[in-house]
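J.: Given the coordinates of chain H, work out where chain Z should sit on it, guided by the hints.
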Amino acid sequence: MKEYAFYPGCSSQKGDSADNFLRSIDVVCKKLDIKLNEIPDWNCCGASIAYGEGGELPRLALGARNLALTEEKLPGQDMVSVCPACWLANRETVERLHQQPQLHTDVNLALAEAGLNYKGTAKPRHFIEVLVEDIGWESMKAPVVKSLEGIKIAGYVGCQTNRPFGMMGESFENPVYLDNMINMVGAEAVPYDQKVTCCGGALAFSEPDKAQKQIRDIVESAYDHGAEMIVTPCQLCQANVEVYQSEINKKQGTQFNMPVVYYTQLMSVAYGGSAKDAGLDGQVIKAAKLESIAMK
Amino acid sequence: MTTNTTAAYQNSFLREVEAHVEEGAWVKMCMQCGVCAGSCPFGPHWEHSPQKIFMMIRAGKREEVLRSDSMWMCTSCYNCLVRCPRKLPITHIMHGLAHYAHRLGLAPKGQPTRESARLFWNNCIKHGRINELKFTLALYFKDGLAQGIKNALAMQGIGLAMLKAKRLNPFAIFGGHQCKDKSGIQKIVAKARELEAKRQEQAA
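In order, the protein sequences belong to chains H and Z. When we follow our numbering, the leftmost residue of the first sequence carries the number 7, and every step to the right adds one. When we follow our numbering, the leftmost residue of the second sequence carries the number 2, and every step to the right adds one.
Only chain H is shown next, with the shape it has when bound in the complex (with noise of 0.2 Å):
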């Protein structure tokens, strides 16, 4: 068995919107003998909108009390995260404190506030990263009992996930792991030309009508090169695609309906699973053709 310290971030908690994610990678760490051993009272990494009233110091501060936590509680685990917001956020504290040893000193200075102090050993990883380097695709292909042949999938990999750190040193601009991950589970990875393209990120809050400019281009794409459904690694990825697409349908016309699910529901399904246990319950656009597979 593997173990890691894990850093769910807020989303993914229960009740909040990526809740679902969640409880497909539950599924996907028992089948694969992953323990994810969850950081005591880890906080808010502050995402990525923190700079605006956060400032440096102090958003630096914030990401280094996980990472202390994750040195004194979990130690000699590598902290693991599912949200990209999260990871970017530990691996740019990580950088910056390593870089700057005086941001450093004045991080533990505010650290000992709460009794705290951040040594710089603790090693921020992404769960694809996990998942790849640590199991490999031969042992992740392995539990596969149910093939998702048939469906066409347009792999998302958004910004985040993908910029600015990457993940196994693959391109910015065409990474191939999630078109790995849809083929790996008996599904077709369809080429389209949105996969790194941005959602509108936090700003689909603040800039709606910009942000559902960015996300009707990449439904769109995936509509065009002839996916059913698109699938992603990052949970604002997800609620902003799927979640607006009745908003751009009202506005503009469109007749969007097209789930948007997480690779570790595909795998779930894929590895046995049954629709609950892969969070399918948790579509606001259903994945029907995912869901009959699951109940197979």
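Just to be clear, a hint being listed does not mean it is correct.
Said to hold, decoys possible - List of simulated lysine-lysine pairs, PhoX-like, C-alpha gap at most 25 Å:
| id | chain 1 | residue 1 | chain 2 | residue 2 |
| --- | --- | --- | --- | --- |
| 1 | H | Lys20 | Z | Lys167 |
| 2 | Z | Lys188 | H | Lys216 |
| 3 | Z | Lys151 | H | Lys216 |
| 4 | H | Lys20 | H | Lys36 |
Just so you know, the hints here were simulated from the structure itself, not pulled from any lab data.
T.: Using the frame of chain H, we list chain Z on its own:
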């Protein structure tokens, strides 16, 4: 005559940015190629692209830069950052400029992303974790009760769909998920703010 000519080149705003803005020391490295401008998903909506902002900083256009709403159009997609041939951390510089303008009170009033960033951070520090329900409601109602009801009604379809999918918990209004050591988090942030203010003073 000599003094006046050189005065134009003694750009105090570039130095101010270098001293006070997160990653601001990189600004002078920009070679004005425009890749950032062409890579930005919200490119058509900015008044000034990062390329222009950097040139304006070097030209000493303090007011225009800090009052611009361009930095607030950043979706944090990091396209500009990974494509910059000079490896400038453009996303971070944009965030740094936005925060600096906000702190000085020069950022555009009521700018929606500025407002949502403030609400998000306050929500996060209060509970230790984001309360998605309270954050959404705070956004809807930021311009008053009447506008809030209008916003909530306009979005009620989405709200109900999220409720049905169990991805929105109405009981989160009474507390929801939060950290145990909220006071520790607040102390950490207060101390970090104090240290940052001190650092800013020393740089002045």
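J.: For this structure, which hints from the list above don't hold up?
T.: 2
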